[in-house]
Each structure stands twice: as C-alpha cells, then as structure tokens.
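**Student:** All chains should be built: construct the whole structure from the sequences, respecting the hints.
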Amino acid sequence: MSNETEEYLRQILWYTAIWSIIAVLLFIFLRWRNSRLYTRERYEYLITTVSDWRQKAADPCQFSIFGDPVTSEGIFARVTFYCGKNKVANNSMDLTVLSENNYAALLRETARINGFSAEEMINTKDGSWKCFDDHDRINNFLEKVKVRSRVECFYDYSETEIRDFYAKN
Amino acid sequence: MPRINKFFIITLVLVILTVSAVLRYRNFAVVPLPGESTDEYSNTWVGLSLIQLGRPVGRSGLEGYKGTDFRYINVDGIFSTTAGGNPLGINQPWLDHPPLLPLITGSYAYVSGARVFEDATARIIRKPMLVMGVFTVALVGYLSYQIFGTGAALIVMALYATSPLMVITSRMVQGENGVIIGFLLALIFLYKYLTKNRLIYLWLAALSAGLAVLFKVSGVSVIICGLFVLLTQENKKLAEKFREAALFLIVSGSFLALYFVYGAAFGWRTFMEVWSSNSTRPYDIGFGSLFDLLTVTKITIGKRLTEGWPLMGWMSLFILMMTKSKKIFSFVVLPAFVYLSVFLLMGGNSYGWYRIPFVPFLFLAGGALLAKGYRSKEKLLPVFLTLFPLGVTIHKLNEISPLSFLTPFWRLFLPVVILWFLIVRNERMNRLIYLALILVAIGANIFLAYSLTPGVWLKMN
Numbered sequence: 746m747s748n749e750t751e752e753y754l755r756q757i758l759w760y761t762a763i764w765s766i767i768a769v770l771l772f773i774f775l776r777w778r779n780s781r782l783y784t785r786e787r788y789e790y791l792i793t794t795v796s797d798w799r800q801k802a803a804d805p806c807q808f809s810i811f812g813d814p815v816t817s818e819g820i821f822a823r824v825t826f827y828c829g830k831n832k833v834a835n836n837s838m839d840l841t842v843l844s845e846n847n848y849a850a851l852l853r854e855t856a857r858i859n860g861f862s863a864e865e866m867i868n869t870k871d872g873s874w875k876c877f878d879d880h881d882r883i884n885n886f887l888e889k890v891k892v893r894s895r896v897e898c899f900y901d902y903s904e905t906e907i908r909d910f911y912a913k914n
Numbered sequence: 002m003p004r005i006n007k008f009f010i011i012t013l014v015l016v017i018l019t020v021s022a023v024l025r026y027r028n029f030a031v032v033p034l035p036g037e038s039t040d041e042y043s044n045t046w047v048g049l050s051l052i053q054l055g056r057p058v059g060r061s062g063l064e065g066y067k068g069t070d071f072r073y074i075n076v077d078g079i080f081s082t083t084a085g086g087n088p089l090g091i092n093q094p095w096l097d098h099p100p101l102l103p104l105i106t107g108s109y110a111y112v113s114g115a116r117v118f119e120d121a122t123a124r125i126i127r128k129p130m131l132v133m134g135v136f137t138v139a140l141v142g143y144l145s146y147q148i149f150g151t152g153a154a155l156i157v158m159a160l161y162a163t164s165p166l167m168v169i170t171s172r173m174v175q176g177e178n179g180v181i182i183g184f185l186l187a188l189i190f191l192y193k194y195l196t197k198n199r200l201i202y203l204w205l206a207a208l209s210a211g212l213a214v215l216f217k218v219s220g221v222s223v224i225i226c227g228l229f230v231l232l233t234q235e236n237k238k239l240a241e242k243f244r245e246a247a248l249f250l251i252v253s254g255s256f257l258a259l260y261f262v263y264g265a266a267f268g269w270r271t272f273m274e275v276w277s278s279n280s281t282r283p284y285d286i287g288f289g290s291l292f293d294l295l296t297v298t299k300i301t302i303g304k305r306l307t308e309g310w311p312l313m314g315w316m317s318l319f320i321l322m323m324t325k326s327k328k329i330f331s332f333v334v335l336p337a338f339v340y341l342s343v344f345l346l347m348g349g350n351s352y353g354w355y356r357i358p359f360v361p362f363l364f365l366a367g368g369a370l371l372a373k374g375y376r377s378k379e380k381l382l383p384v385f386l387t388l389f390p391l392g393v394t395i396h397k398l399n400e401i402s403p404l405s406f407l408t409p410f411w412r413l414f415l416p417v418v419i420l421w422f423l424i425v426r427n428e429r430m431n432r433l434i435y436l437a438l439i440l441v442a443i444g445a446n447i448f449l450a451y452s453l454t455p456g457v458w459l460k461m462n
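Protein chains in written order, with this note's numbering: chain A, 746 to 914; chain B, 2 to 462.
If you are wondering where the hints come from, they were derived from the structure by calculation, not from laboratory data.
Note that the structure is predicted; figures quoted are calculated from it, not measured.
Some clues are possibly wrong.
For the chain B half of the interface with chain A, some residues (derived, Cβ under 7 Å), not all of them [as the list claims (entries may be wrong)]:
#, residue
1, Val117
2, Phe118
3, Phe243
4, Arg244
5, Ile251
6, Gly444
Virtual Cβ for every residue (Gly too), placed ideally from N, Cα, C.
**Tutor:** So this is what it looks like as structure tokens:
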C-alpha cells in the first residue's frame with residue numbers, strides 16, 4: 746500500500762471514528778430531549794395558541810375562512826356571521842379538527858382562527874346574538890353539529906327580522 | 002491585474018451584491034404571497050418544534066405517517082387569503098427531509114421572539130433566506146470567475162442577482178435554496194482541489210456536498226456530481242482517482258447517514274415508511290416534464306413568473322455541451338444534468354422550487370456565452386440570446402403599466418439590431434452596442450424585480 750493511500754485511509758478512519766461518536770451522541774441527545782420536552786399539552790399550545798402579533802378582529806365579520814375543505818370528505822359545516830345588517834362573514838370549517846363535536850366548540854374554533862371571542866355568542870343571554878342551524882334556533886350549544894349544516898349567527902337582529910330573512914333566502 | 006482595474010472590479014461586485022440585497026429585501030414578506038406555499042411555514046415549524054418540543058412537527062401529506070392531525074394554524078391570516086379551504090395536515094415526528102433549513106429558520110424565528118406556530122410569519126422566516134440569497138449570488142459569481150474569468154463572472158452575477166425569478170424564489174423558505182449553496186461551494190472547492198491539488202479542498206468539497214444533503218435529500222445530486230468530477234479526471238492514475246472519490250463519498254455520504262440517525266432517534270419505522278411513501282409518490286410532472294422544464298418558469302405549483310433567462314440558459318448550456326472544454330463540462334454542464342436526473346427521478350410534484358438548483362448553472366452557461374460574445378467578432382448569436390429574455394421582461398413590464406409608446410420603437414429595434422450585427426463589421430461600435438444591450442437587459446430585470454408588489458404579483462403569470 747502506498748504512503749498516500751495509507752494517509753487517505755488514516756484520515757478516513759479518524760473521520761469515521763469521530764463521526765460515530767457524533768452519531769451516537771446525537772441519537773442520545775435527540776431521544777433525551779424528545780422524552781424530556783414533549784407533552785401533548787405543549788404540542789397543543791404550540792399549534793393552537795393565537796399569536797400576540799396577529800391582528801385581532803374588531804368583530805366576527807372582519808375575517809373569514811375561505812374555500813371548502815376538500816380533505817374533510819364532506820365532514821364540514823358552514824358558519825356565517827351577520828354583524829348587523831350590512832356585514833357578513835362566511836366560513837367553511839372542517840369538523841374533524843374539533844376536539845368535541847358541538848356548536849360551542851365549532852364557534853370557538855372559528856373565532857380562534859379568525860381572531861375574536863365567541864363567548865358572547867355562546868354564553869350571553871341578552872339575545873344580542875342569535876344562532877341557528879339550518880333555520881332552527883340553537884338553544885343548546887353542546888348539541889352535536891350535523892354534517893354539512895349551515896350555522897348562522899345574527900347580531901342585532903329581531904326574531905321577526907330573522908324570520909323575514911329566512912323567508913327571503 | 003492593475004490596481005485601478007482591481008478596484009473597479011471589486012466596486013462592481015459590491016454594487017451587484019448591494020442591488021441583489023435591495024431587490025430581495027423589497028416586499029420580501031408579501032411577494033410571494035404568504036401562504037402561497039405553506040411549506041415555508043412548515044419548514045420553520047419543524048425547527049421551532051425541535052427547539053421547544055424536542056420533536057419535529059410540520060405538515061407533510063405523505064402517506065407514510067399514521068394519523069394526520071388536521072388543524073387551522075392561521076399564521077399571516079392565510080385562511081382568509083391564500084391557503085384555500087383545507088386545514089393543514091400536521092404530522093409528527095416530521096421526517097420528510099433533513100432538518101438543516103428548519104433549524105436555520107426555526108432558530109431565527111425563536112431568537113426573534115416566536116414561541117408558537119402562528120408567530121412564525123413570512124416577515125420573520127424569510128429573513129435568513131435573504132442572507133442566503135445574496136450569499137448564493139456571490140458564490141455563483143465566484144464559481145463563474147474560476148471557470149470563465151472576470152468578465153463572465155460579472156455578467157453572470159449581474160444577471161443572477163437581478164433575475165426577477167431568482168429574486169422571488171430565493172426569498173422562499175425552501176430546501177433547494179440551501180442545496181444550491183452546498184452545490185456551489187462543493188464545486189468551488191472541487192475546482193480548487195483539481196487546480197491546486199491540496200487535500201484540504203477535497204475535504205471542504207465533501208463537507209459542502211454533505212451540507213447540501215442536510216438541506217434536502219435531493220442534495221445527493223451534489224455527491225453524485227462530485228464523484229463524476231473526481232472519477233473523470235485526466236492525467237491521474239485510476240487508484241488515485243478511486244482514493245479521492247472514496248474519501249469524498251464517505252465524508253459527504255456520512256451526512257446522509259446522519260439524517261438516518263436523526264430519523265432513527267424519532268422512530269425508525271416511521272422514518273422508513275416516510276421514505277418508502279416518498280419513493281412511491283405519483284409521477285406528477287407528467288410525460289411532458291422536459292418540455293415543461295424548459296419552457297415554463299414556475300414559482301409554486303400553480304403560480305408562474307414567465308422569464309426568458311432560464312430558457313436562454315438552457316440554450317446556452319446545449320451550445321456549451323458542444324465545446325470540448327473539460328472544465329466547462331465538469332462544472333457547468335455536468336451539475337445541471339446530474340440534478341436533472343435526480344429531478345426527474347424524484348420529481349413527485351412539479352413545484353417551482355424543485356427547479357431552483359438548475360438556475361445557477363443556466364446563468365453560468367448564459368453569462369459565459371454573453372461574455373464570449375463580447376470578445377468575439379461574431380455577435381449575432383449572443384445578441385439573439387440577449388434579445389429574447391429582454392423581450393419577455395419588457396412584455397412583463399408592459400403588463401404592469403402599458404408601454405404602448407414603446408411598441409413602434411421595439412418593432413423597429415428588433416430587425417435593426419439583428420440586421421446591424423449581421424451586416425456591420427465595425428468591431429468597436431458593435432462592442433459598445435452589445436454592451437449597451439446587455440446593460441438594458443439587466444436594467445429591465447431590475448425594473449421588473451423592483452416593481453413586483455403584491456398587486457402586480459396577483460396579475461402576473
């Protein structure tokens with residue numbers, strides 16, 4: 746074996762030895778960090794927390810979720826907000842993303858995505874917001890959402906105005 | 002080289018790098034529109050989650066993962082604009098590609114204060130890409146200088162720095178923007194090794210090739226290309242060539258092996274299933290893939306930015322293939338064709354960024370022919386090669402604001418220029434006109450790249 750080949754071989758062996766140490770350390774380090782840091786709660790926090798830097802919606806009609814979720818294979822609902830007589834926001838929501846399948850979770854998730862709070866719609870009893878599913882009033886927000894239903898929430902509409910609205914649409 | 006000349010060249014290089022930085026920086030957070038490619042966010046999320054969760058989390062779509070978690074992560078408000086109606090399919094551990102780019106953009110996002118996925122906005126995550134983009138311009142220039150000399154290097158750098166297509170694609174958080182850095186570095190060091198024969202350059206070339214693999218698996222093209230270059234050297238014994246190739250392969254290949262160690266740490270079975278589903282991706286680029294590659298300049302899967310320079314580059318590359326220069330073959334033609342083989346083999350989808358690694362070599366070929374044309378008496382071919390990308394750029398500018406006043410001049414300009422270079426043999430005058438033409442083409446590039454605001458972007462195709 747020539748001197749040059751020996752020199753190459755020596756360098757390759759050194760490199761392989763150092764690489765093996767790095768590889769083992771990397772493997773151990775990654776396993777250790779994964780087992781120490783990963784929890785389901787942290788994961789949820791990372792992907793669901795609304796950024797402080799994101800522009801918050803002034804009202805539920807400022808932003809919308811555009812387009813139908815094709816990947817949901819039909820398991821979706823349309824959520825429409827009527828913020829007074831002149832502002833409307835149409836949203837399409839994949840129901841499989843909900844942790845619980847009910848109207849409250851649907852409205853909360855839509856609100857989280859668009860940057861507002863849905864609590865006023867779900868909890869306020871003064872009737873400023875009125876929500877319907879396929880023209881039927883939602884009285885219990887913990888009821889299951891039907892697939893492809895049309896959930897509509899009206900702000901500042903009287904019962905008569907909503908009835909007239911549905912009669913026309 | 003006289004000192005004044007050296008000073009002039011350094012100044013020109015600095016001007017080109019500054020222009021490239023300014024063009025890349027302008028509107029970088031809004032063009033391409035945030036969400037046009039959600040992979041940009043996903044690449045950063047992988048890094049951000051590695052830092053915070055100790056596990057890579059990102060969106061994939063590959064079938065190898067069990068249980069995709071569909072979520073709406075409304076970063077940059079993409080669900081109100083570009084994302085379409087589908088929630089993002091989140092997978093963990095995300096093992097589609099090696100994690101170097103995610104670690105770069107994810108670390109930058111973390112240092113900038115991002116703590117949740119929604120914090121990783123385009124304004125933050127594209128900043129490291131700007132630095133990488135300008136660095137790539139410098140590398141393209143340096144490789145061109147090594148192969149063709151100063152004049153060609155300046156032309157190649159100026160064209161690459163101002164090409165609207167490259168200005169836009171270099172902003173995107175896509176692995177290919179890292180692969181080309183590794184590719185160019187590896188070729189620069191290989192060239193140095195072949196000319197200076199110092200072992201350190203072979204090591205640096207191998208490490209650079211390894212770096213390319215850590216950006217994306219398609220970086221294996223750098224290893225294959227390096228092996229070709231080493232094994233086809235002239236005036237060396239076979240044993241010597243094999244020795245060098247073995248060192249190059251072991252060192253660069255060890256980075257790919259490191260990716261396997263990384264995958265094994267998060268679950269060997271998932272890693273292997275992801276790899277096998279990667280290899281069984283549908284051949285979406287279709288039967289017309291080569292024609293499509295040559296004629297269509299894409300940014301994402303659907304969004305195009307028609308530009309003449311890549312086609313001019315392909316034509317130049319084909320012309321250079323006929324030259325007998327080993328240097329040109331090994332460092333311009335070969336890299337493009339090795340990546341072409343990998344592109345066609347792995348090209349599961351016809352995303353625009355898959356084409357990024359071709360572009361430096363296309364500009365190297367095109368710029369070299371333009372520089373050769375400057376020295377040559379026969380200028381008709383390089384003039385033609387400049388006219389058609391220039392025409393496309395002006396056509397794009399015309400889409401932004403109508404240049405109807407220019408139409409009669411352009412109608413005259415084209416035949417006059419062609420006839421001039423066909424008939425007139427005044428070398429000095431021809432050189433001046435030729436240089437002016439190239440400068441106009443670069444100026445048009447700058448004007449178009451500078452004009453690409455979100456409003457203009459939406460109209461462009």
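**Student:** Should the hint that B/Phe118 touches chain A count as held when the rule is a Cβ pair under 7 Å?
**Tutor:** B/Phe118 check passes; min Cβ-Cβ to chain A is 5 Å, inside 7 Å.
**Student:** Classify the hint on B/Gly444 as holds or violated, based on whether any CB of chain A lies nearer than 7 Å to its CB.
**Tutor:** Result: violated, 38 Å to nearest chain A Cβ.
**Student:** Double-check B/Val117 for me: the hint is only fine if its C-beta lies closer than 7 Å to a C-beta in chain A.
**Tutor:** holds (4 Å)
**Student:** Holds or violated: the hint that B/Ile251 contacts chain A, with Cβ atoms closer than 7 Å.
**Tutor:** OK, holds: B/Ile251 within 7 Å of chain A, min 6 Å.
**Student:** Does B/Phe243 pass the interface check with chain A, least Cβ-Cβ distance below 7 Å?
**Tutor:** violated (10 Å)
**Student:** Under 7 Å, Cβ to Cβ, is where B/Arg244 needs to be relative to chain A, so tell me if that hint holds or is violated.
**Tutor:** holds (5 Å)
Comparing the model with each numbered hint stated earlier shows that hints 3, 6 do not hold.
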